[in-house]
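Peer 1: Here is what each chain is made of, one letter per residue.
2 protein chains.
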Amino acid sequence: MSGKGAPAFSLSNDAAIYSPEQNKELIFTKDTLVAGVHFFENDDPFLVAQKSLRVNLSDLASMGAQPLGYLLSLSLPKKNFDIEKWLAAFSAGLKQDQERYNWKLWGGDTVSTSGPVTISVTAIGQTDKGVNISRSGAKVGDDIYVSGTLGDAAGGLVVLQDDLDRTLYDELINRYYLPEPRLKLGRALTEIITSMMDVSDGLMGDISHICENSGVGAILNLEKIPSSQVFGNLLATNKAYSRLAWSGGDDYELLFTAPKNKNAVIKNLSDELGIKLTKIGEITKALQIKLLDDDGSEITQTKKGFRHF
Amino acid sequence: MSGKGAPAFSLSNDAAIYSPEQNKELIFTKDTLVAGVHFFENDDPFLVAQKSLRVNLSDLASMGAQPLGYLLSLSLPKKNFDIEKWLAAFSAGLKQDQERYNWKLWGGDTVSTSGPVTISVTAIGQTDKGVNISRSGAKVGDDIYVSGTLGDAAGGLVVLQDDLDRTLYDELINRYYLPEPRLKLGRALTEIITSMMDVSDGLMGDISHICENSGVGAILNLEKIPSSQVFGNLLATNKAYSRLAWSGGDDYELLFTAPKNKNAVIKNLSDELGIKLTKIGEITKALQIKLLDDDGSEITQTKKGFRHF
Chain X
1 MSGKGAPAFS
11 LSNDAAIYSP
21 EQNKELIFTK
31 DTLVAGVHFF
41 ENDDPFLVAQ
51 KSLRVNLSDL
61 ASMGAQPLGY
71 LLSLSLPKKN
81 FDIEKWLAAF
91 SAGLKQDQER
101 YNWKLWGGDT
111 VSTSGPVTIS
121 VTAIGQTDKG
131 VNISRSGAKV
141 GDDIYVSGTL
151 GDAAGGLVVL
161 QDDLDRTLYD
171 ELINRYYLPE
181 PRLKLGRALT
191 EIITSMMDVS
201 DGLMGDISHI
211 CENSGVGAIL
221 NLEKIPSSQV
231 FGNLLATNKA
241 YSRLAWSGGD
251 DYELLFTAPK
261 NKNAVIKNLS
271 DELGIKLTKI
281 GEITKALQIK
291 LLDDDGSEIT
301 QTKKGFRHF
Chain E
1 MSGKGAPAFS
11 LSNDAAIYSP
21 EQNKELIFTK
31 DTLVAGVHFF
41 ENDDPFLVAQ
51 KSLRVNLSDL
61 ASMGAQPLGY
71 LLSLSLPKKN
81 FDIEKWLAAF
91 SAGLKQDQER
101 YNWKLWGGDT
111 VSTSGPVTIS
121 VTAIGQTDKG
131 VNISRSGAKV
141 GDDIYVSGTL
151 GDAAGGLVVL
161 QDDLDRTLYD
171 ELINRYYLPE
181 PRLKLGRALT
191 EIITSMMDVS
201 DGLMGDISHI
211 CENSGVGAIL
221 NLEKIPSSQV
231 FGNLLATNKA
241 YSRLAWSGGD
251 DYELLFTAPK
261 NKNAVIKNLS
271 DELGIKLTKI
281 GEITKALQIK
291 LLDDDGSEIT
301 QTKKGFRHF
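These protein sequences, in sequence, are chains X and E. Numbering-wise (our numbering), the first sequence opens with residue 1 and increments by one. Numbering-wise (our numbering), the second sequence opens with residue 1 and increments by one.
Everything labelled a hint here was simulated from the structure, so no lab data went into it. Nothing here was measured: the structure is a model prediction, and the numbers come from that model. Please note that a few of the clues may not be correct.
No copy is singled out in the list; a pair is fine if it fits within one copy or between any two copies.
What the hints assert, rightly or not - As a list, the in silico DSS-like pairs of lysine-lysine whose alpha-carbon atoms are at most 25 Å apart:
#, residue 1, residue 2
1, Lys24, Lys129
2, Lys95, Lys260
3, Lys85, Lys276
4, Lys279, Lys262
5, Lys104, Lys184
6, Lys129, Lys104
7, Lys79, Lys260
8, Lys129, Lys184
9, Lys85, Lys260
10, Lys104, Lys24
11, Lys24, Lys276
12, Lys290, Lys279
13, Lys267, Lys139
14, Lys285, Lys85
15, Lys260, Lys24
16, Lys224, Lys239
17, Lys239, Lys139
Working from the sequences, and respecting the hints, build out all of it.
Peer 2: Here it is in structure tokens:
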């Protein structure tokens with residue numbers, strides 16, 4: 001590698017060598033985070049490091065993959081930026097999550113930029129050969145499920161942006177900063193699902209990906225979308241925030257489809273892992289994504305977002 | 001992946017799946033290029049694309065690896081930037097080199113930035129299991145070799161920066177923009193060398209890496225460093241440019257060490273591939289890197305570069 005690195009950081013510029021195990025498939029994903037776009041410029045680098053890893057781990061989770069290693073590219077400003085201090089906190093954040101998820105830094109590079117901090121992670125994971133991981137397998141009549149609760153991360157972002165009382169919404173802010181990649185769940189689901197992805201762009205956008213790739217449509221029920229108590233509290237202050245549950249991103253829950261006869265298996269898995277798995281709708285033949293309001297009226301996607309009919 | 005992408009570009013946000021072949025090792029490297037640091041803001045995106053791939057291919061070459069695929073992360077400015085036009089040229093450049101090197105785009109992401117264009121490539125290649133690739137195997141008494149000619153790329157950069165007559169130095173400018181990754185040579189050398197890397201930071205910096213990792217020193221002979229006819233022409237205009245041959249980067253030639261008894265094998269390989277392979281020095285026990293001038297006097301590395309004694 002070209003090695004134009006910040007010497008304070010221990011990123012080795014050597015190439016990484018990996019001997020694949022037999023009967024495994026390797027999964028590669030890549031997610032880049034830019035200061036001012038994907039996180040705030042003054043966010044704690046410790047948390048930024050962990051978010052950078054976790055959004056990529058979530059990609060692996062959505063492929064039912066076990067994390068193996070990652071490569072990291074850092075573009076860091078030269079001016080008005082305390083590189084040593086930033087890297088100390090960032091590295092500590094990486095280290096903690098590497099241990100938490102048993103994930104290894106395989107290499108990477110550090111370069112300087114006239115722009116904002118840019119963090120590019122390439123994630124490498126593995127699955128057993130032949131495991132079913134797809135965004136294109138949803139079938140008409142399949143149930144649509146989501147793990148955990150939706151809207152929390154987007155709610156946390158709103159709390160930060162609208163300068164609400166943070167002490168009331170700690171839980172939401174934490175979910176915004178530190179998503180929990182559903183690795184165990186993702187692996188377990190590979191034997192059950194017909195399609196799966198993680199909710200990173202918002203429920204409606206992500207179910208659209210599955211439907212487009214599968215050549216199907218979907219009906220979702222707003223009242224079934226699972227939300228947390230704290231998100232309910234936020235909603236009570238302003239009903240307009242309800243859109244966050246279906247259009248807000250960054251929850252990194254798993255969205256998946258499964259045949260109806262898998263209902264009991266999914267219930268068992270939910271109990272076993274202690275993770276809420278909620279049926280929120282159904283795959284349809286009609287090539288539309290419909291979101292039904294509590295009273296049965298349709299909330300419809302437009303180019304500029306969603307509107308009520 | 002989070003899919004905050006430029007829709008005009010066909011970068012799939014899906015994860016890539018790869019089934020490794022038996023008895024192979026996978027090689028991962030990552031190199032990031034930032035506009036204003038690693039290339040000029042107004043450089044032709046077609047050439048920038050190819051340079052981005054080739055510096056990574058050169059990393060694979062230095063590991064004796066065969067290219068398999070790559071992941072690409074693009075951070076692109078939103079303001080004062082014609083994203084469609086830029087991407088059209090950039091994609092065309094990628095496409096041509098993908099075919100040339102039989103290398104596949106496995107995936108990646110595109111995000112927006114308030115900063116300069118930032119291109120991060122993760123390169124994946126493979127070698128046979130157990131192949132000897134190392135920066136740490138140089139032994140006292142080994143010969144030090146370099147492929148091709150050195151100084152050309154740095155010479156090309158000088159021509160651009162000092163606004164010299166470009167028509168006289170086309171060849172140098174081309175080498176600056178379009179390095180030739182020594183893939184075939186790298187693979188062939190794995191059976192011969194004790195250590196190898198590519199010359200990306202400049203000969204002296206790169207031989208230092210090998211020596212540090214191997215716990216040895218080196219003596220290099222300035223007069224033996226191979227240079228091109230056109231570089232000689234540049235040198236004739238200003239003797240100060242001679243430093244480019246040993247301190248200039250971006251040539252992406254292979255630098256390697258080999259036992260003396262491999263001399264004939266290396267000569268044969270050079271003839272077979274039609275690539276000049278030149279012995280430029282020797283590995284020493286003394287932990288210093290010495291560069292000897294034509295008259296035998298020593299040019300010594302200082303913190304700020306190199307100076308004559």
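Peer 1: If the cutoff is 25 Å on CA atoms, where do Lys95 and Lys260 land: within, between, both or neither? Let me know, please.
Peer 2: Classified as neither; 42 Å inside a copy, 44 Å across copies.
Peer 1: My question is about Lys129 and Lys104: at a cut-off of 25 Å on alpha-carbon distance, are they close within one copy, between copies, both, or neither?
Peer 2: both (22 Å within a copy, 21 Å between copies)
Peer 1: Please sort Lys267 with Lys139 into within, between, both or neither, judging by C-alpha distance up to 25 Å.
Peer 2: For Lys267 and Lys139, the Cα distance is within 25 Å only inside one copy (20 Å; across copies 62 Å).
Peer 1: Within a copy, between copies, both or neither: where do Lys79 and Lys260 come within 25 Å Cα-Cα?
Peer 2: neither (57 Å within a copy, 48 Å between copies)
Peer 1: Pop the pair Lys104 and Lys24 into one bin, within, between, both or neither, using alpha-carbon distances up to 25 Å.
Peer 2: Classified as both: same-chain Cα gap 18 Å, cross-chain 21 Å, threshold 25 Å.
Peer 1: When Cα atoms must be at most 25 Å apart, do Lys129 and Lys184 count as within-copy, between-copy, both, or neither?
Peer 2: within (18 Å within a copy, 31 Å between copies)
Peer 1: Taking 25 Å as the upper bound on the Cα-Cα distance, should Lys85 and Lys260 be classified as within, between, both, or neither?
Peer 2: neither (53 Å within a copy, 47 Å between copies)
Peer 1: Measure nothing new, just compare the shortest in-copy and cross-copy C-alpha distances for Lys239 and Lys139 to 25 Å and report within, between, both or neither.
Peer 2: neither (34 Å within a copy, 72 Å between copies)
Peer 1: Please sort Lys24 with Lys129 into within, between, both or neither, judging by C-alpha distance up to 25 Å.
Peer 2: Both: 5 Å inside a copy, 17 Å across copies.
Peer 1: Using 25 Å as the alpha carbon limit, work out where Lys285 and Lys85 are close: within a copy, between copies, both or neither.
Peer 2: neither (55 Å within a copy, 38 Å between copies)
Peer 1: Can you give me the call for Lys224 and Lys239, within, between, both or neither, at a CA distance of at most 25 Å?
Peer 2: Result: close within a single copy only, 17 Å intra versus 77 Å inter.
Peer 1: Please sort Lys85 with Lys276 into within, between, both or neither, judging by C-alpha distance up to 25 Å.
Peer 2: Neither, since 39 Å and 46 Å both go past 25 Å.
In this structure, the hints that do not hold are numbers 2, 3, 7, 9, 11, 14, 15, 17, in rising order.
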